[in-house]
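Add 1 to a position in the sequence shown, counting from 1, and you land on the number used in the working numbering.
Derived by calculation from the structure, the hints in this document are not laboratory data. There's no promise every hint is true.
Calculated lysine-lysine pairs in the PhoX-like style (CA-CA distance at most 20 Å, straight line) [to be verified]:
#1 81 to 483
#2 204 to 216
#3 187 to 216
#4 204 to 24
#5 483 to 155
#6 362 to 24
#7 229 to 216
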Amino acid sequence: MSLLLLLITCFVAIALVRRLVRKPHRDIPIAGYSGALTSYISCIRFLTDAQRFFDDAHGARTDMFQFRLFHEWRVMVNDKRAISELFDSSKLLFLPTVGITYQFRYTVHPSLENPDIHRPYLRFIMSHLDDFLPDMMTEIDLTLDSRHSENNGKSVLMDCMTEAVFRALNIVLVGPYLARDPVFCKETLRTVQSILATGSILKLSPSCTRPLLHKLLNLFVPTCANSKAHAMMVNEIRRRKSEISKERGHWERQGCDVLAEFARNETLGDDENMLALHFIILNLAGTFSTTMTLTQIVFYLIQQEGCLLRIREELQAATVGSSSGITSGVLASCPSLDTFLKESLRLCNLGVLHITRRAMKDFAFSNGVRVPAGTLLSVPIGWTHHNPQVYPNPETFDDSRFRVTQGDHDHVVHPNSDPSSLNLDFLFFGYGRHACPGRFLAMRIIKCLVAHLVLKYDIRWTHPGFVPRPMWVMYCCVPDPKAEVVISRRGSSQDGNETQN
């Protein structure tokens with residue numbers, strides 16, 4: 002027994018040492034220390050003040066560099082040509098990065114380590130975005146109405162945005178029965194948070210220790226498959242299948258959600274447990290990043306009164322005499338909304354490693370730099386979005402940079418003002434063939450919520466003069482999670498037409 006324990010200890014020690022002394026990549030400059038052990042000083046500095054660490058590295062004008070991040074050497078790419086190659090290569094992918102970063106093999110299911118499950122669902126969603134809009138607007142209206150009715154309209158903004166995004170997303174994914182269930186919302190968000198937390202811990206541990214560590218963590222945090230959210234999702238899938246089997250041959254299309262559509266077309270698999278995991282992963286992908294982004298956008302909305310008034314004026318003009326409320330046509334006729342959102346996304350800071358890809362095979366850039374399979378490469382989009390040669394006075398919020406002035410007063414929307422558009426000077430959603438596949442759905446939710454908030458409500462800080470302060474969690478930047486606002490419904494004489502319910 003003692004010999005076995007000694008062998009296990011030696012095996013773990015060797016694995017740890019190999020990870021600790023992993024050598025940096027050749028031909029790529031190093032930010033900070035480069036020694037096997039001293040490089041961890043740079044790692045600690047990065048984790049405690051990521052933004053300053055990157056600003057110092059950027060001051061060296063390095064188009065590509067690497068630094069120690071725990072047991073690996075992370076490569077940062079800032080050269081336009083290299084960024085284009087990174088996004089277009091089929092060897093550098095995003096989904097495996099997510100699966101490995103959050104250890105889906107342990108936190109969700111072994112078969113979902115490379116979670117390429119979204120494509121059929123997203124194809125259906127993209128082809129029916131306008132069909133989903135009325136239901137999404139209803140959920141947004143119900144959420145904001147309940148918030149302004151409670152506690153004299155005072156609310157923690159991030160909590161409000163989380164609920165609104167969750168309901169708008171899940172009315173599309175699974176329909177109103179679960180989208181409006183506060184228990185399902187609470188349990189799903191809790192499950193997603195446990196995946197993120199547990200996965201991050203497992204990612205930092207040696208691979209040989211992960212099975213045991215996972216079992217220990219499960220004593221305190223249930224796995225996704227054992228969560229209440231998963232059980233509720235399984236029951237809903239079975240209920241939908243049962244209802245559709247009863248109405249077979251004479252059902253009329255009522256509502257429009259992914260679960261119902263795929264069940265009616267008999268394209269859902271037979272494994273309800275696995276399907277439930279799919280929908281939870283879709284919530285992980287769609288809720289948190291959209292909420293973080295939307296919260297920062299609303300911060301800017303409160304601070305930029307001129308933008309708010311321009312958006313409101315265009316929305317009122319587009320909805321006058323109409324009882325349809327906010328439609329896709331209304332959104333398309335509000336260029337100030339697009340330019341405001343584009344500038345907000347340019348300044349939106351979600352952290353210094355916002356976009357990361359994993360090399361699935363050895364990869365060579367056109368400049369001769371080679372990275373081996375398994376390397377993680379990140380793009381510091383903040384540098385791109387604050388390039389003074391592209392964006393004069395980059396620290397200043399100025400949505401007019403996406404409008405073209407003609408004459409003294411006329412403005413024409415810039416051809417790249419669409420927040421979902423892709424170019425190498427605006428990388429919030431990535432670039433090229435492997436850009437964020439859910440960006441159109443995310444922007445539709447954000448546009449609907451901002452438009453409804455501007456048209457129907459007044460919003461202000463609970464405490465006048467308040468300035469939100471972002472919270473850094475290692476290298477991730479989270480909008481002020483405690484920022485409180487007061488939401489009040491505008492009078493009917495001010496807001497024009499009533500929204501659809």
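Indices of hints not satisfied (ascending): 1 and 3
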